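> Line order of the protein sequences matches chains A and B.
Take the first sequence: its position 56, counting from 1, is numbered 56 in our numbering, and each next residue is one higher.
Take the second sequence: its position 31, counting from 1, is numbered 31 in our numbering, and each next residue is one higher.
Just so you know, these hints were derived from the structure itself, not from any lab.
Hints should not be assumed to be uniformly reliable.
For chains that are exact copies, the list does not tell them apart, and a pair is met inside one copy or across any two.
As the list claims (entries may be wrong) - Straight-line Cα separation of at most 30 Å, DSS-like style, residue types lysine-lysine; simulated pairs:
| id | residue 1 | residue 2 |
| --- | --- | --- |
| 1 | 125 | 93 |
| 2 | 28 | 100 |
| 3 | 64 | 28 |
| 4 | 64 | 125 |
| 5 | 100 | 64 |
These numbers come from a predicted model, not from an experiment.
Protein chains: 2
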Amino acid sequence: MPFPQTPALTTDCIAFDENGAALLIRRKNPPYEGQFALPGGFVDVGETVEAACRRELCEETGIKAGTLRLVGVYSAPDRDPRGHTCSIAFLAKVTPGQPKAGDDAAAAQWVTDWRTVDLAFDHAKILADAERLRTVGGDDITSP
Amino acid sequence: MPFPQTPALTTDCIAFDENGAALLIRRKNPPYEGQFALPGGFVDVGETVEAACRRELCEETGIKAGTLRLVGVYSAPDRDPRGHTCSIAFLAKVTPGQPKAGDDAAAAQWVTDWRTVDLAFDHAKILADAERLRTVGGDDITSP
Numbered sequence: 001m002p003f004p005q006t007p008a009l010t011t012d013c014i015a016f017d018e019n020g021a022a023l024l025i026r027r028k029n030p031p032y033e034g035q036f037a038l039p040g041g042f043v044d045v046g047e048t049v050e051a052a053c054r055r056e057l058c059e060e061t062g063i064k065a066g067t068l069r070l071v072g073v074y075s076a077p078d079r080d081p082r083g084h085t086c087s088i089a090f091l092a093k094v095t096p097g098q099p100k101a102g103d104d105a106a107a108a109q110w111v112t113d114w115r116t117v118d119l120a121f122d123h124a125k126i127l128a129d130a131e132r133l134r135t136v137g138g139d140d141i142t143s144p
Numbered sequence: 001m002p003f004p005q006t007p008a009l010t011t012d013c014i015a016f017d018e019n020g021a022a023l024l025i026r027r028k029n030p031p032y033e034g035q036f037a038l039p040g041g042f043v044d045v046g047e048t049v050e051a052a053c054r055r056e057l058c059e060e061t062g063i064k065a066g067t068l069r070l071v072g073v074y075s076a077p078d079r080d081p082r083g084h085t086c087s088i089a090f091l092a093k094v095t096p097g098q099p100k101a102g103d104d105a106a107a108a109q110w111v112t113d114w115r116t117v118d119l120a121f122d123h124a125k126i127l128a129d130a131e132r133l134r135t136v137g138g139d140d141i142t143s144p
């Protein structure tokens, strides 16, 4: 590619059940190995960020995303200790079910007390932003 | 960097004056050489997308961005003929003034009839999305 080097593009997916529990994984690999995190990962070349978000959610939790709503873009250079990444976060409408961990996830579960657990990266902020959007947005979640 | 290859990260900046004219540049280089486009460009490693948006706007038009509001994320793999890019688009509050073209811009101007000019890339869609946000959002433009 003739492009200059840019931050690596990632995506994170936020899903809440009807009681406000958040769907989280436990990271299988460093950094933050064993810690709670949002399902997500790198966007492939040739893939939209929305497709990557759905793919990562499904690979790591077995849960399929319905409509997606853009929460925000997180690009602080120090957000990932491995190097500069930029994450596009989406709030996903899902049919709550029993998650099944896969790929980079050692575990996947609905977490009720997500506000108090120690989350990897800047995921506590992303989750808080997503919850604000969820409570403000009501049912008008639309796919971009 | 130990990261897998991802789409290249870019940003585009939308600014309207009080009459709804859009701040556009004419591209100095291929692709779409000579055509109207939004000010924007590649995000540098070590730079937030918001900082890149402000930098590109200033380099290409001489206009300084105030508060920024996220418009959307545009990542269709075919949106740039050079390869896969993902653009983060922001609506910027600016003090309208006489633009001065620089860097990758051969010209910079406020364009009243932007709906009918032939815009590079997917910039017609980005501009339309930004205008919707502007007319819906009123004065609640906030910096992320």
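> Does each hint hold? Answer for all of them.
Quick rundown of the hints versus the structure:
1. 125 - 93: Both: 19 Å inside a chain and 25 Å across chains, each within 30 Å.
2. 28 - 100: Cα proximity of residue 28 and residue 100: one copy only (14 Å, versus 51 Å across).
3. 64 - 28: Answer is within; shortest intra-copy Cα gap is 21 Å, inter-copy 44 Å.
4. 64 - 125: Both: 23 Å inside a copy, 28 Å across copies.
5. 100 - 64: Answer is within: at 11 Å inside a copy they meet the 30 Å cutoff, but 49 Å across does not.
Hint compliance for this structure: no hint is broken.
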